[in-house]
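Enquirer: Sequence:
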Amino acid sequence: MGVVYLARRSDLGSVAAIKILRDAWLSPARRERFAAEQRTLAQLHHPSIAQLHDADTLPDGTPWFVMEYVEGVPLTEYCRTHATTIEGRLELFRAVCEAVQHAHGQAVIHRDLKPSNILVTADGTVKLLDFGIAKHLEEAEGTVDQTRTGLRMMTPAYAAPEQILGARVGIQSDVYSLGVILYELLTGQPPHDLANKTPAEALSIVVERNPDRPSAVVRRPATASVVRPQGRSRAHTSWSDLDMLCLTAMHKESARRYQTVEALIRDIEHYLEGEPLEARPDSMRYRMGKFVRRNRGAVTAAAAVLVLLLGTVVFYTVRLTRARNLAVAEAARTQRIQQYMVALFQGGDEAVGPADSLRVVTLVDRGIKEARNLDGEPAVQAELYQTLGTISRQLGNLPRADSLLTLSLERRRALLGPSHPDVAEAYVALGELRGEQARYEEGETLIREGLALDRQALPSDHPAVGRALSALGQVLQDRGAYDEAIAVQEELVGIAAVGDSPELAGNMSQLASTHFYAGHYDTADSLNTLVLAMSRRLYGDRHPMVAEDLINLGATQLERGDYPAAEAYDRQALEITRAWYGNEHPKTAAGLTLLARALVYQKRNAEADSLLQEALAIRERVYGPMHPVVASTINELGNIAVGEDRYDEAIAYFTQMVEIYRSAYGGKHYLIGIALSNTASAYTGNRQYAEAEPLFREAIAMYGATLPPEHPTTAIAHIKLGRALLRQRRFREAEPETLAGYDILVPTAAPGNGFLRAARIDLAAIYDTLGQPEKAAKFKAELADTGQ
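Residue numbers for the sequence shown follow our numbering, so the first one is 2 and each next one is one higher.
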């Protein structure tokens, strides 16, 4: 703002810069901003900030001020022409940060940090210039810029997302701009190419698109020679740490950046000294909210949905194991074959190897044949159908389980009448299966009917009542009704026996899992810690139940983003599991898969890949190549491929998942939809939007046939389809898809939900492009109101 002249004092020969606001009479607002810059410079005294010498007005009222003249070149140009090493660039950058930190100490935020405002003199001195749109911190935090004005008065390539959106700015806004500058210093290019982009496109890119890691950029042939770590005095050039420095400073969410420039300076110093950084990677909750676990743009969002499902299995397995143990103890009705088959499959927590698992499949087949010949013994036949159906469900054969459990319910109703406790048990078992089939409303209805029968016939503390409550709590959790689930599970904990017991441990574990998925991590942690202590008292330190509890604690740490802690828990659990079951057991494969997830989040992909390949080999030997648990391991391998931009491999993995789920579940199941969406998202990551579109549409149709109306998973698919259409510039087709997802999420999702945020960004861009500024403004305002 204004015109700058070089002035020389004739008597002393000293030079200075004179800044004048021409045509000041045209705009009182421009005069006030100019005066504000004068006041700002007057209070800043730092060797790396150009100093104010004098200020006044001309006779006609035109304001001017005299400031230190800096003869230098922009920071990035200086580093390029001097072939400055990484260490040297970081030293210069630290000087910039110290100047900005001084300004912040005077309650001044710059708001327009960029290389052209940072000059380096011939002797290597850094000078920060142009506080023309700087603002006092109290003013900045108390007002919201109009987006249009903000775009005119900022440099979008270096502006924080909240500036682009016209939201409140603060210290973290300058931190973001510093992160962009550091990115350019390390890679030789800005994180986003905004050349020839419309304002709407620029907004979408800056606010939504995650930049490539600096380490990935410098490995490309076009940029590999721009920045090299030559001249380092230590052997720890860690691009992963440099990635963390940049990407933490540039986080889309201001609360997740370095909260002060001083914190950024500390991590620069840690890096230069070869010490661990204070910055931590994103937590899974941020990346995906309640619905997904990872978010690298739209690509890994889909993959993350399957990660969420795998996490659900961790807690669900705990519940199934304990509930089934109770069922075996309760159902001592002289049916030896039932006890034998359950013991063989369950093993009473004894090791069951692959060959044993295959014998279970054979015994189930034999048992079904025998049961069909027991028409003269309907009670035994119904009992066998119930047992065989439960085992078939655990083996992943849901169609067979459906047939057997339905037959059991029919036989028991015909034999015992509609109100017998055995009929209630059959209702609950079939309801649990419906939940696993994602037919949640049917499952809830069946379980509630069984629970009502149990309450009529049995005391409130009877194990059958507990089993029904446990099943109800699980199906409510699975459909996302967390408050209802917690109420049911708290009742269940309340009726358990006082003191240590497997029942109480199981009930508390289930309650912890619901708090976990509801985002109540402190509560989940506390409950899981109590359960772990109880399990150790009940079973000792090296029991499978202890391993399950360690896994649950690890899942919470993974959600918090404390990946080393998650790894430690998962390693302990895997060690116990290997010792108990051996190296070739499916539970060992599950432990390997969970540990691999913790390693992936630490970018230790090679180690994770090795573990996943071992897990995959075990699961394929035990279950065959087309079992759903095989698909869960393949999913993790696909996630690694996505994270390394190996999209062709990812597409192959996710396509294999589609085939497995179609084979396992028949024509309709929500997991088929998720695998389709996963594949589509990999195509999106590879910018093959036309190939992604039909897969997203098929996934949405699958969700419509298998999930409750307005399920959040359906909303996510609509939003991702809308984005695929948007990337093809099919704005009018993108609008209804994105709106459909937005309308589903708005009533229930947290304000900061990542997919809701994506929908708002895309709708703002769509309406800007379609020439509907009023509609665009609505979504921009919502983004600003939620701090996004």
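For the record, the hints were derived by calculation from the structure and aren't laboratory data.
Backbone N, C-alpha and C define an ideal beta-carbon position, used for all residues, glycine too.
Warning: the hint list may mix true and false statements.
Said to hold, decoys possible - Okay, the calculated beta carbon distance ranges per label pair:
| hint | residue 1 | residue 2 | range |
| --- | --- | --- | --- |
| 1 | E443 | P277 | 43 to 53 angstroms |
| 2 | A653 | P277 | 33 to 43 angstroms |
| 3 | E279 | L7 | 36 to 46 angstroms |
| 4 | G500 | N374 | 40 to 50 angstroms |
| 5 | L771 | E711 | 23 to 33 angstroms |
| 6 | E274 | L531 | 22 to 32 angstroms |
| 7 | N197 | P75 | 33 to 43 angstroms |
Enquirer: A separate judgement is required for each hint: does it hold in the structure or not?
Expert: Status of each hint after checking the structure:
1. Distance hint check for E443 and P277: the Cβ-Cβ separation is about 51 angstroms, which falls inside the suggested range of 43 to 53 angstroms.
2. Taking 33 to 43 angstroms as the suggested C-beta distance range, the pair A653 and P277 conforms, at roughly 37 angstroms.
3. Against the hinted window of 36 to 46 angstroms, the Cβ-Cβ separation of E279 and L7 comes to about 43 angstroms, which satisfies the hint.
4. Look at G500 against N374: about 46 angstroms separates their beta carbons, and that is inside 40 to 50 angstroms.
5. The supplied range of 23 to 33 angstroms is met by L771 and E711, whose beta-carbon atoms lie about 26 angstroms from each other.
6. Taking 22 to 32 angstroms as the suggested C-beta distance range, the pair E274 and L531 does not conform, at roughly 41 angstroms.
7. Evaluation of the 33 to 43 angstroms hint for N197 and P75 yields a failure: the beta carbon distance comes to about 22 angstroms.
Checked against the numbered hints given earlier, the structure breaks hints 6 and 7 and satisfies all the rest.
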